[in-house]
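As given, the protein sequences belong to chains B and X, one line each in that order.
Quick note: to get our numbering, add 41 to the position in the first sequence (first position is 1).
Quick note: to get our numbering, add 7 to the position in the second sequence (first position is 1).
Capping the alpha-carbon separation at 25 angstroms, the derived lysine-lysine pairs in BS3-like fashion look like this:
| id | chain 1 | residue 1 | chain 2 | residue 2 |
| --- | --- | --- | --- | --- |
| 1 | B | 192 | B | 80 |
| 2 | B | 178 | X | 356 |
| 3 | X | 388 | X | 445 |
| 4 | B | 172 | X | 385 |
| 5 | B | 55 | X | 206 |
| 6 | B | 108 | X | 206 |
| 7 | X | 199 | B | 80 |
| 8 | B | 136 | B | 178 |
| 9 | B | 172 | X | 388 |
| 10 | X | 356 | X | 389 |
| 11 | X | 206 | B | 80 |
| 12 | X | 244 | X | 18 |
| 13 | X | 50 | X | 63 |
| 14 | X | 63 | X | 85 |
| 15 | B | 108 | B | 94 |
| 16 | B | 192 | B | 282 |
| 17 | B | 299 | B | 268 |
| 18 | B | 319 | B | 299 |
| 19 | B | 178 | X | 444 |
| 20 | B | 320 | B | 256 |
| 21 | X | 62 | X | 85 |
| 22 | X | 389 | B | 172 |
| 23 | X | 199 | B | 82 |
| 24 | B | 299 | B | 320 |
| 25 | B | 178 | X | 388 |
| 26 | B | 178 | X | 385 |
| 27 | B | 80 | B | 55 |
| 28 | X | 445 | B | 178 |
| 29 | B | 178 | X | 389 |
| 30 | X | 206 | B | 43 |
| 31 | B | 318 | B | 268 |
| 32 | B | 299 | B | 190 |
| 33 | X | 47 | X | 18 |
| 34 | B | 268 | B | 319 |
| 35 | B | 261 | B | 273 |
| 36 | B | 94 | X | 206 |
| 37 | X | 385 | B | 136 |
| 38 | B | 82 | X | 206 |
What the hints contain is simulated information worked out from the structure, not anything from laboratory work.
Keep in mind that this is a model prediction, so the values were computed, not measured.
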Amino acid sequence: MKVTIDGIEIDVPKGTTILQAARMIGPEVAPPAMCYYTKLKTSGGYCRTCIVKVTQGSTANPNPMPKPVASCRTEVMDGMVVENNTSPEIIEARKGVVEFLLINHPLDCPICDQAGECKLQDLGFQNGSSKTRYEFKRREFEEIDIGDKIKLHMTRCILCYRCVKTADQITNDRVHGVIARGDESEISTYIENIIDNDFSGNVIDVCPVGALTDKTFRFKQRVWFTKPVDAKRDCKTCCGKTRVWLKGEEVVRVTARKDQWDEVEEFICNACRFDHKKKSDWVIEGPSPIHRNSVISQNHYEHLNELKVQIMKQQKALGFMPIDKQP
Amino acid sequence: MERAGVRLMGKKLLIHNDKVANIHTLDVYRAHGGYASVEKALKTMTPDQVTDEVKKSGLRGRGGAGFPTGMKWSFLAKPEGVPRYLVCNADESEPGTFKDRYLMEVIPHALIEGMITSSYALGANTSYIYIRGEYFYVARIVEKALAEAYAAGWLGKNILGTDFSHDCYVQVGGGAYICGEETALLESLEGKRGNPRIKPPFPAVAGLWGCPTVVNNVETIAAVVPIVNDGGEAYAKIGIGKSTGTKLISASGHINKPGVYEIELGIPVEEFIYSEEYCGGIRNRKKMKAVVAGGSSVPILPTELILKTAKGEPRLMTYESLADGGFATGTMLGSGGFIVMDEDTSIVKNLFTFTRFYHHESCGQCSPCREGTGWMEKILKKFLNGTANESDVDLLWDIQSKIEGKTICPLGEAAAWPVAAAIRHFKQEFLDVARSKKFVDVSHYDRLNKINA
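Here chain B stands alone, though its shape is the one from the complex (with noise of 0.2 angstroms):
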């Protein structure tokens, strides 16, 4: 199927999102996502940030949709034609949507562990504004513990629904989801320390924002001042693979490996993400790619990350095959 998105054409299968199809065309056409996550069926749809204008809705029928659309849940259908960066329409509905999620967001950046890989620190840098004009007082909550080793810190919470779905889809029983409604709804457990499964610290991994945050980590380091890196042990629960983050030789914190959409590329289990916090737990693989406009690559990994690239790219016009790679 064809779809035209900011005016560059691409060839999808059947079934493939707006999204996903601008993803394949590169990040300077992809709507941000705070909601949607690959991985998680279901997701998507809720934040409203990943908006597009869908000026033809198909070679069938040409008419444009007469609403914005969620690129997220949204098909392409053949001879679509999608406006999403080249529409000042669109640009300013973006714009509003993040001063929605940023009126009662407590904006606690300088105490907040996610700060520095904040989707929404990211998105309101591209899209929103310098000034509020939200002069109430901001939704608080109290701190809940959602098992011994996560802290939800609902205050700062953008209700993207990604844990709701993460612990629907890879945990046996969900023990958290939304009570109440409208602005008062609240991610939360109905009974508190009652979360006992091996996978549901992934929950931290997929929250966007600083609510989901892991207690062994909590107000140790700034991210940007530890060094990640990619690493693995032999896990019967899990993959195993994760990134490990390193602090001189102390492992301050391990967390799933993530993708260039800031998506967990396997989920991890409990055990390698919070009972092995030793050097020696891991073998070590090398640095993580961190993208070079992140704050945390500003700490030195952006040119040795460069450098590896550089040798491979040598290598390969070389002939040389990588002893790992060799058969």
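Model the placement of chain X on the given structure of chain B, informed by the hints.
This is chain X only, laid out in the frame that chain B set:
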């Protein structure tokens, strides 16, 4: 009481027997011609013929959107071996709308009869009547009527000796406006949190329990009864153009005779407000200031625009005439919640009340509605506190424009439209209130919030 008094010209099809004693019982209902449509449909018509009559009738959804019912029915997917459902949306919660309550309370069998006939047309062996939580006593009335219908063989296995079997259940909601949105209703009916689903797929393809489902309003289903009895063409003769048949209007506000009226679509708005058969004019000899014609979410119109269109033609009670001029000068028929306001009414306070409602009822799923509705309410509260500035009017306008059309379900629009219309037509009043810095006490509203919290 002269509620819904008989009009010489006006034809009534739904509540013509509402004054008959004990019409809520099966015996009396049957004695007045009740359940004839079931007999006619099941014994002499095929399901497709029933659907055809509904198509011919031009009946449009009475819940607010006005989508042609026959077309909705024909969209229903009919895969082999998969059950289909009919769901009656009785989650009537739009401020200003109380027609379905009246119908179910007074003539519950009219709804049940419509449910059976419609289910036969759709090939649905199970149907549900989803009644809003606050209508608990109405649910009791409908359940009692259902039990009577079962006992008399109108429901259950092999109705009237045919091979059509049907079960109908009443489900009471938990008290959420959002569950009137059809996909939120289905979620709630399935026992989940009442969040609207992201469409597509539409209920006609994947609705209740993932099966093809039709969701219709109470009045729509009840209207199927006269359509089958008298034929779709006879029904289509009533009304004007694409607004066929009769419509129940819930009239409230500063009028002499509030109540539920059945009107022929096409009567002039002026006649509806001022004639003795209907609202009987503005109470206390006041002048009219504004009308919300179709439930709180539709745009408010000032007197000059509700009585006459921008072109100067008399405005009629039809889907088309009320919408004439678009949102710039028109409004919508909506659910028929007709709220009249006299000259003493504060549009600002009224808008605060409406906005407070939508804020309270937002499900919280998508950001513009979750955050925007509360923000608008807080700003409107400033107007009442005497702390608003003139620039707050522009801010309100901007916020509503950023909610409208950006949300998963129409609640975003429902919250944004009243704000937009009030500012569009009564901007000066907002500016005056902002300048006057007068304090209006609405603290009693908060007591309710505390109970709910």
